[in-house]
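Let's have the full structure, built from the sequences with the hints guiding it.
Sequence order for the protein chains is A and B. Quick note: the first sequence, position 89, residue 89 per the working numbering, numbers continuous. Quick note: the second sequence, position 20, residue 20 per the working numbering, numbers continuous.
It is possible that some hints are incorrect.
[As the list claims (entries may be wrong)] Reference excerpt, derived from the structure (chain B facing chain A, CB under 7 Å, subset only):
1. 95
2. 97
3. 101
Hints in this document: simulated from the structure, not taken from any laboratory. Every value quoted in this text rests on a predicted model; they were computed, and no experiment measured them. Backbone N, C-alpha and C fix where the C-beta goes; we use that ideal spot for every residue, glycine too.
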Amino acid sequence: DVKVTQSSRYLVKRTGEKVFLECVQDMDHENMFWYRQDPGLGLRLIYFSYDVKMKEKGDIPEGYSVSREKKERFSLILESASTNQTSMYLCASSFWGSSNQPQHFGDGTRLSIL
Amino acid sequence: AQKVTQAQTEISVVEKEDVTLDCVYETRDTTYYLFWYKQPPSGELVFLIRRNSFDEQNEISGRYSWNFQKSTSSFNFTITASQVVDSAVYFCALSEAGTGNQFYFGTGTSLTVIP
Chain A
1 DVKVTQSSRY
11 LVKRTGEKVF
21 LECVQDMDHE
31 NMFWYRQDPG
41 LGLRLIYFSY
51 DVKMKEKGDI
61 PEGYSVSREK
71 KERFSLILES
81 ASTNQTSMYL
91 CASSFWGSSN
101 QPQHFGDGTR
111 LSIL
Chain B
1 AQKVTQAQTE
11 ISVVEKEDVT
21 LDCVYETRDT
31 TYYLFWYKQP
41 PSGELVFLIR
51 RNSFDEQNEI
61 SGRYSWNFQK
71 STSSFNFTIT
81 ASQVVDSAVY
91 FCALSEAGTG
101 NQFYFGTGTS
111 LTVIP
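Take a look at the structure:
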């Protein structure tokens with residue numbers, strides 16, 4: 001079974017802090033994704049990556065950056081956290097290539113910015 | 001424009017009732033893929049099914065069934081004889097060929113099954 005592991009289930013940080021959310025997958029997937037989930041808005045794509053050191057902006061990249069130094073790990077960085085970044089963050093991974101590959105998700109991180 | 005629309009925000013049913021979750025999509029591609037995911041209260045999205053645009057056969061898996069109709073751009077999900085464990089948020093998603101496996105998600109339908 002594919003395992004996508006997010007480093008924290010719950011996280012509380014303060015405004016202005018630099019926040020790191022970590023995601024690791026164990027299936028040698030090329031693609032990795034970061035989403036945020038908010039009530040009524042569904043899942044919105046923040047950033048994604050097709051390969052090590054590659055990144056692409058999603059629909060809502062402002063205020064975020066990412067890092068992919070190793071194939072299995074994809075980090076989401078909030079450079080200076082703000083209260084409007086309080087949300088559920090979901091990481092996913094999939095095989096590269098055809099668009100028919102399902103994405104596999106982690107358990108999510110509930111981030112609160114105070 | 002929203003590529004995937006799940007018009008039902010919340011649905012409540014009594015246990016053992018049948019329930020259908022609607023999904024309408026929009027794409028100009030001839031090759032695309034549709035997915036359904038379940039998100040229980042624990043948070044993890046669980047993959048349920050994938051359908052490609054060339055296969056309009058309906059699919060049944062136990063109490064779950066999916067109805068794909070290209071003519072109406074719909075990919076609806078029916079749960080027969082619902083159970084409390086079916087309570088979750090369900091998401092429909094679209095992936096278009098050539099987009100590198102990017103997904104467009106609907107806003108989700110929250111299903112509550114009342115015992």
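Right, here's what the structure says about each hint:
1. 95: OK, holds: residue 95 of chain B within 7 Å of chain A, min 4 Å.
2. 97: 5 Å, holds
3. 101: 5 Å, holds
Violated hints are absent here; each numbered hint is respected by the structure.
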